[in-house]
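Protein sequence lines, in the order shown, are assigned to chains P and B.
First residue of the first sequence: 1, per the working numbering; consecutive thereafter.
First residue of the second sequence: 113, per the working numbering; consecutive thereafter.
FYI, nobody ran anything at the bench for these hints, they're computed from the structure.
It cannot be assumed that every hint is accurate.
Here are the simulated DSBU-like pairs of lysine-lysine, each with C-alpha atoms no more than 35 angstroms apart in a straight line [stated by the list, open to error]:
{"#": "1", "chain 1": "P", "residue 1": "57", "chain 2": "B", "residue 2": "171"}
{"#": "2", "chain 1": "B", "residue 1": "169", "chain 2": "P", "residue 2": "13"}
{"#": "3", "chain 1": "B", "residue 1": "170", "chain 2": "B", "residue 2": "154"}
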Amino acid sequence: KAGVTQTPRYLIKTRGQQVTLSCSPISGHRSVSWYQQTPGQGLQFLFEYFSETQRNKGNFPGRFSGRQFSNSRSEMNVSTLELGDSALYLCASRRSQNGEQYFGPGTRLTVT
Amino acid sequence: ILNVEQSPQSLHVQEGDSTNFTCSFPSSNFYALHWYRWETAKSPEALFVMTLNGDEKKKGRISATLNTKEGYSYLYIKGSQPEDSATYLCAFESGSRLTFGEGTQLTVNP
Numbered sequence: 001k002a003g004v005t006q007t008p009r010y011l012i013k014t015r016g017q018q019v020t021l022s023c024s025p026i027s028g029h030r031s032v033s034w035y036q037q038t039p040g041q042g043l044q045f046l047f048e049y050f051s052e053t054q055r056n057k058g059n060f061p062g063r064f065s066g067r068q069f070s071n072s073r074s075e076m077n078v079s080t081l082e083l084g085d086s087a088l089y090l091c092a093s094r095r096s097q098n099g100e101q102y103f104g105p106g107t108r109l110t111v112t
Numbered sequence: 113i114l115n116v117e118q119s120p121q122s123l124h125v126q127e128g129d130s131t132n133f134t135c136s137f138p139s140s141n142f143y144a145l146h147w148y149r150w151e152t153a154k155s156p157e158a159l160f161v162m163t164l165n166g167d168e169k170k171k172g173r174i175s176a177t178l179n180t181k182e183g184y185s186y187l188y189i190k191g192s193q194p195e196d197s198a199t200y201l202c203a204f205e206s207g208s209r210l211t212f213g214e215g216t217q218l219t220v221n222p
């Protein structure tokens, strides 16, 4: 069974640009969550989607948005990039609430 | 803001030692407690998901306990091996949202 995939794996953008990251969950998983990890910080929750609906959102500015498609694939968008957005962005999928989450390999975003 | 704390921050042990880490979390609005192992250059890997007070789970040499009333969980590794070197994360689930601790970085020296 294929794992969670994320594209692209690495990305370099300049301040002010926008970026879209993609996550394909494990087949049959309808929940996709996104996390940001910066140096010295733990994994910070961005948002969670289930059946195309955002169920929960973390404490991030409105520049961070996401969506989920009918095939459960999810995208995350960051507009007007700032230097502090440089981070590893991880997505994770699971079949149901309180089930195990399976993480993708992450997208390493560098903003210059 | 939910506070999930893990201790110690880092730990160095010798091969064969047994070790344990602590995760403390809010005792209200509890839904589940997750443990993950995160090795360098890999994705976090799920170890356990625990939901009931008093739960104990085991996978090989690794086990975990849960006390939801006082808000803590312990992760134990028996007979540590160099391949156990990783960061161990716990996450408190409330609703569908997971709040992670900053992790315990374990190094097992051969």
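The hints, checked one at a time:
1. P:57 to B:171: holds, 32 angstroms
2. B:169 to P:13: Roughly 44 angstroms between the alpha carbons, so the hint for residue 169 of chain B and residue 13 of chain P is violated.
3. B:170 to B:154: holds, 22 angstroms
In the structure shown, a violation is registered for the earlier hint numbered 2 alone.
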